[in-house]
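Residue numbers (the working numbering), protein chains in the order written: chain B, 1 to 335; chain G, 1 to 329; chain F, 1 to 303.
Among the hints, a few may not be true.
[What the hints assert, rightly or not] In silico BS3-like cross-links for lysine-lysine, where the CA-CA straight-line distance does not exceed 25 Å: (1) B:K278 with G:K275; (2) B:K278 with G:K93; (3) G:K9 with B:K145; (4) B:K211 with B:K145; (5) G:K83 with G:K9.
If you're looking for bench data, these hints aren't it; they were derived computationally from the structure.
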Amino acid sequence: MENKKEETKKVPLLQVRNLKKWFPSKSGVFSRKKAYIKAVNDISFDVGYGETIGIVGESGCGKSTMGRSVLRLIEPTSGEIIFEGKDFMKLKDAELRKSRSEMQIIFQDPYASLDPRMTVGEIIAEPLDIQTNLSKEEKREKILKVMEVVGLNPKYYNRYPHEFSGGQRQRIGIARAIILGPKLIVCDEPVSALDVSVQAQVINLLKKLQKDMGMAYLFISHDLSVIKHISDRVIVMYLGNIVEIADKDDLYNNTLHPYTKALLSSIPIAARNVKREKIIMEGDLPSPANPPSGCVFHTRCYMAQDICSKEAPKLVDYGNGHKCACHFCKNKVTE
Amino acid sequence: MSENLIEVKDLRTYFFIDGGVVKAVDGVSFNVERGKTLGIVGESGCGKSITSLSIMQLLESPPGKIVGGEIIYNGENLLNKTKEEMRHIRGNKIAMIFQEPMTSLNPVFTVGQQIVEALLIHEEGITKEKAKERAIEMLKLVKIPLPEKRFNEYPHQLSGGMRQRVMIAMALSCNPELLICDEPTTALDVTIQAQILELINELKEKTGASVMMITHDLGVIAEIADDVMVMYAGKVVEQADTDSIFEKPLHPYTIGLMNCIPKLTEEVEELSVIKGMVPSYDDMPKGCAFCPRCDYAKKICEEEMPELIELEGRKVRCHMYSEKWKEEN
Amino acid sequence: MKIFRFFTKQKEFEQEVLSSDIEYSSYYKDSFKRLKKNKVAMFCAVVIVLLILIAIFAPLICPYDPTHQDYAAILSPPSAKHLLGTDEYGRDILSRIIYGTRISLSIGVVAQILASIIGVALGAIAGYFGGIVDTIISRIMEVFAAFPDLIFAMAIMTFMGKGVLNLFVALGLLTWVRTARLIRGSVMQLKEKEYVEASKASGATSFRIIMKHLFPNSLSTIIVLVTLGIPNAIMYEASLSFLGLGVQPPAPSWGNMISAAQPYISYRSLYSVMPGVAIMITVIAFNIFGDGLRDALDPKLRT
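The following block holds chain B by itself, in its conformation from the complex (with noise of 0.2 Å):
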């Protein structure tokens, strides 16, 4: 642990920077004026090697646009994508199809994410087929392996994927992921889409993957819980912003962002008698085609003031690298 926070100190993995993709929208036939839905709106941070950051956000927050963005599956609109060291942003077609054996994905829909035409061995070989010249005997070697390390029955190799469970599904989508030993994967809702009996099973073994082989994650769910158990760090998003950036601790035990405070007060806890504020929050997400003045969350917030509607809080780092985008988050902490 020790080793690996250090390392983290020296050199990110990833460093976001100013990360921004906008999505055209059509305003009108004839009108000259370009509209954009500002999906992802200048964010910036770190991945550290073998962290895994959390990143968390009601539907349409744009998490799941940032996290392709960084993958450069959809195409970034502007900003900096550093991968150790190297400008992602700038690598040619050629090139960039190389370097994906470093970064993969996992999805959310175990039932989309697997070619229903390809048999197990099939679907884990792709990234080898395209990333390697190993012989057949190597791939299928290296294959059983992997579905063994994932909890897949090796003799399930030549079978479908429409025969399994959602859990296993999801188990064979990580064996791809991570035949090539990359160094960060993606998690997109990874196990939002299972029973809760199976999602566990999947949580643990993500774990279990990363203390063995190292690579970072970048895990995106709606569900706090589940990113308090596995995050290192946390990142909230709300309408295409950065509202809150923290370690796991700091965000749950030292909330700053009014709209974190009341993502954490709307789950419903599975236990009786816990007595906690419960924050209500008023109305819905606003559209991301036509997002509030000023800060995005003031519609919303129960701490809105007149300063909110006119001003955009900027990212402040109040300490240990725990920022918020709040106009009224320092008061708090000098208080």
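Starting from the structure of chain B, add chains G and F where the hints point.
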């Protein structure tokens, strides 16, 4: 009048597919008291949704068929009702809301029209003007801002949370005595989920209706239910009031479910898991359905399906609490 | 090709890697099982096989040379010598219908294959790349689709001249748009799938994605399209030949036979009815089999 609004006795709903029989609901009994909320919890395929569809008699048939049991509602067995009578009961007496509100709302009519339509069908002699008034009232009741404006909007113009509110407004428009909610918040964000749960709780107080809350989320149960029924593979494995089930779960499956969710309040290196997965219907264990995944399982569990036994005023289906278990030790 | 790969691979593993208790079930095997259950479709499959055999072995089963003219027996009624009678040149109608099978089937199959090649290629390109490429191809498809079918085919035939080869081309050009549209839609849907994204995330090229994921997943659509397109092409062939723009006499085709039989329809009705029956049987067989195939390949489509 009895205390129980609805009594389900030994309900069996089977599906006949490809020459095989899937016992989706296999001998389920429970009561819902007036003004109380019963939470039914379980994982996908445990039969919780089929139970509610059986009560509403909205099963797709074939392949589904209620092959046994009784559903006593206000002293009358719903299974003996004609289709016409059932149609009257659905909506007027028992209403249901579903997980995905978009599929239950008609996209080509405004939400207002749809509520008015429901009122006109179920309430005899109501005028159109009156129905519209009531519809707007209902929208107000479920806390939809600007109800007069929303009345004329189409479902796709509303957010998921708003749509679920409209569904609740529709369900409550005819003052039902029982509201069945089938995973009403699963498709919603946590902040919206909190709003909807609060709304359901509030409306229950206001109207005195009973609620059946079907969910996979123990957190939702803790927030809203008075009594809990845990289902596994078509059978009830544990029944108790909510406080005691969270205080001391008895069935190994309930214990496992509670332990395997990551918690905000405590820190663990590794989550405890329930090993394996839900058995598929064509591969049901001979004895207890949970036995292959159970940490406490013994020989007797493999051989014999345990009965639902009564224990300290609650019910549990597990050999651990039977006389035989003690004998074996 | 894919199917063969499955089989060889499977054998390898049964021998080398896996223990004996492997349960192997493949998508196509399952589909075939479903198809076998559909009795009507299987009957139609038998009919199609028979038609193909008839076409192949036409010279062996024909009682007469289809172009042999017997002036002693002009327009004779059915008899032991000529089972379905003879036409206005004394040619044996049964033999001409049997040979007509050859022309009709080959035109149906070749025209469809041609249409599929154009349609699949353009549809896949439009669907996969989208944007300006899609716009251009879609506009071209709209232009083709805007002409009334038969008039369009007649125009091509008049322009290129009559003949079987030109008929292939005309029918191919006529029917590719439907294929292209469906494939475009299918590819647009498939490319959004997460497994395509996963492939991209592993560094796959567009070519690989199309060949490994999009094509195999569209294959069932293509098979069904071809099967259902064949009767369509046969109908067009018959129509064009009937109008004198298709297969030219004396070569026999069902369409030009009906056309030639027209003057005699009142007293030698069998002469015009029998080629019609042949067309009907073929078209119905292909249509029902195609529907069965679609249901079997994609159980989700079944209602």
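Hints, one by one, checked against the model:
This hinted pair does not check out: K278 of chain B and K275 of chain G have alpha carbons roughly 35 Å apart, beyond 25 Å. A hinted pair counts as satisfied when its Cα atoms are at most 25 Å apart, and K278 of chain B with K93 of chain G does not qualify at roughly 33 Å. Between K9 of chain G and K145 of chain B the alpha-carbon distance is near 51 Å, which puts this suggested pair outside the 25 Å criterion. At most 25 Å may separate the alpha-carbon atoms for a hinted pair to count; K211 of chain B and K145 of chain B meet this at roughly 17 Å.
With a CA separation close to 21 Å, the supplied pair K83 of chain G and K9 of chain G stays within the 25 Å bound.
In this structure, the earlier hints numbered 1, 2, 3 are contradicted, and the remaining ones agree with it.
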